[in-house]
Amino acid sequence: MTKMSGADIVLESLKRLGVDVVFGYPGGVVLPLYDRWPSHPEVRHILVRHEQGGGHAADGYARATGKLGVALATSGPGATNLVTAITNAMMDSVPTLFITGNVARNLLGRDGFQEADITGITMPIVKHNYLVMRPEDLAYTFAEAAHIATTGRKGPVHIDIPKDVFIEEAEFEWPSEVTIRGYRPVSRGNPAQVKRAAAMIDAAERSIIFAGHGIILGGAAEELRSFAEKTGTPILNTLLGLGSIDPGHVLAYGMMGMHGSYWANHAASNADVIIALGMRMDDRALGRFEDMNPTAKIVHIDIDPAEHNKNIMATVPIVGDVKEVLPQLTEAVQSNSHVEWLRWIDRLRVDHKSSMSVPDGTALTTQYVCTRIAEAAGPEAVITTGVGQHQMWAAQFMNISRPHQLITSGGLGTMGFEVPAAMGAQVACPDRTVWTICGDGGFQMTFQEIATMVDERLPVKMAIMNNGYLGMVRQWQELIYQDNYVSVAMSQPDFVKLAEAYGIKGILVTDQSQVDDAIAEAHAHDGPVLIDFRVEAEGNVWPMVPAGASLSETVESPDEVDALLGRPPKAVPTRTGAAR
Amino acid sequence: MKHTVVALVEDRPGVLNRVASLFRRRGFNIDSLAVGTTEQRGISRMTIVLDGADGIVEQVEKQLYKLIDVVKVSDLTKEEAVIRELALIKVRCSPEQRREILDLVDIFRAQAVDVSPTSLMLQITAATETLDAFIENLRPYGIREMVRTGRIAVTRGARATAVHEREAAPAERFHEQAGRRPEEDALPYVSK
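Same order as they appear, the protein sequences are chains U and W.
Each residue of the first sequence is one higher than the one before, starting from 181 at the first, in my numbering.
Each residue of the second sequence is one higher than the one before, starting from 587 at the first, in my numbering.
With the rest of the complex left out, here is chain W:
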């Protein structure tokens, strides 16, 4: 069964590496992984979709919690949640076919974002199953290029997966700064 697990993590170098390394080490399979910033400075949100029995997912959660940089973990699978994924799809399209494809775009509430004499770029934001169906319908025309963001999810209602407690000032300062390269210094790869 597919599980959607959300992890709130410290926004520090190496965190993605720690999480990825954990999945590899324990033999857990990631279907998709989306990372982005949150409403709170210093905290990133990872939405991880994985396939596995409930027991495996319980282990994933516990192992994630063991990482010091992971602040909060929750499994949104059994909760009422809004789950979305975005895709950009470049499909082969002659001017004669354009109307036909745009009908599909209407039906799936997608958008056309770029057009050329031989192709059409479409954008869709939807639940994973809808997205899959849209792609299946486009396949006969020939998909030239496609990218999907992976799932992101937020629970419905007022309850939130978030970290909002006040932290001691020195700790916060440390967490914001630790491990970062001083801004005034150029990256080692950049020649001045």
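Bound-form chain U, shown alone:
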């Protein structure tokens, strides 16, 4: 055993955990750690431009690979800047490790310079957190933290380390195994519950699968396909579940939820047995809980027991890892097919295809741009998005067909996630093309990371869907707040000049005919590229389940929104040029 400083123990521990990159930002109290970094070249440090960017980059890194993403910040403001990124990782169960420095032990609690009670702040937004008060506890804490972050329902773990703990020396002792008596995730399903579920599925006439993020986090796409094929059950995806099944598969019916397709939402509402896999019954996916298909029997498989009966009562809850429970269930069910049920959904799809399709004509729309990027980039590319209209259109039209292809902020809905997450994904996947579909609003929250991309030679392709509005807010103000536009139009800088200021390639696209050339030019360029797509200003995302409505109330036009909200239809359109 060797004695080493706390800083060396931290870096040695990261190496033992297989961490090859840390997104960090230095500051006073983490200087002892940075001082030792040159002696540990195996751990690459990427200097970001804002801690939130570092946090989202770690998140994007983790989602692109399934590996642990790590971000580092100094005490006080550095640490509090991580809060959004930590919450984002928590809501979407992303395996991440956040390390912060804090003031020296004798100054804790005395409101010293750059002190924040960051463990107190992060307590409700992490899977677990630690304040390490002794250097000899560091190695075990890191081993335990990584174990917690990457097993069971994955999530962020935060370690706070006072400055003098980095400096003090201790024996480095790496634990051979980690056991935590209060933490034993269940992975195999209870056989009796599996049997009950199988009987229910066998008896179903109109069964349906809701496939969530758990399929991707658990690496269970293959298991999902086998199960669906044996039982002949159609599959709907939540936003974060996109990629768990190829949309070209005969049983794949696309996305459900607030901006899911008409046929998906009605299939969900008309099923007699719902098989919810690795999803947390979120309101955006299910609409009003009380009216989410109240007569269906529900089999809910999730690794987190607290998700069962939280929002929706399950008939048969099964606690376990979908990767292990699905094969058990596939084994237990009979081969089946539901031809008439599939035909019923197919008919809906034919009849309602137009409400979720790329608008005809020559207008430059986000929908059109998304389809062109998806086609040019192919399924091997990674796509990140921000939050809002462009996110929904990317989810609807980018043909997400493999796990880890789409990286988007689902639970927290974090605008500004797109650019740093793409940076993290590009670090994780240097050989893949990484596109980020940005809104003009969200882009301006975190685009400072372009400088990091330049430093680290990360050739991220950034596509700004520039409509001069906070599009989703505008859509709600138009449809629900009766055209009362308040604080929603935004002036934009010249994004091409901005790109040039950072020394990267900038392309302006104002017409549909320029789209393919711009994408090709971006692909041909070996550095970061920013494309400013001047898209249609007032397009709306359809279909839509207005907040508080049920999935069976999916609407496809402004008149239907008015009808649903009990308002008379507008006699004369109040806005010209609006794509209604």
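Be careful, since some hints might not be right.
Some chain W residues judged to face chain U by a derived CB distance under 7 Å, without partners named [what the hints assert, rightly or not]:
| # | residue |
| --- | --- |
| 1 | K648 |
| 2 | K652 |
| 3 | I654 |
| 4 | V656 |
| 5 | V657 |
| 6 | R684 |
| 7 | T714 |
| 8 | T716 |
| 9 | D718 |
Note that these hints are calculated values from the structure, not bench results.
All residues carry an ideal CB built from backbone N, CA and C; glycine is no exception.
Given chain U, put chain W in place with the hints provided.
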């Protein structure tokens, strides 16, 4: 309906904060909370009384289990359990009234623990309802000060809510030490 939930937790700094924060975050209401050490080193026992439907309490249990520092949770409401609460009550009492109040003390099997010319301090350990009744009977004399511990509970019979498995040695050592301030160091607030 009132539920009595017992949680065995790691005896570490911040655990009470984690549990309290969880109740606040999820909007669960705590009626009373009692925390103390157990027969096992490193494990504390929290007895939480909360008001809510069975579904809410099920969520409370599951959310508690999600905390890494929570080792075991059980709802003693539907079990045969001995449930007790202790109260110290300082009641206004002139020498003439003393006999009268001491009769009440006898009836409720309470104890007088301190006496002064104008007051009497009483101690009672009982089930919550008995305790409530005792207090109601004392009210007419004037209660000057009162404190209740909140419920504690243990199941009847041999079955126990406890953690007695052997742990791997390094883990145990870690759990006993992690996050604690080294003993030789003074607290930051204490001037030497």
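Contradicted hints - numbers only: As far as the earlier hints go, 6, 7, 8 and 9 are violated by this structure, in ascending order.
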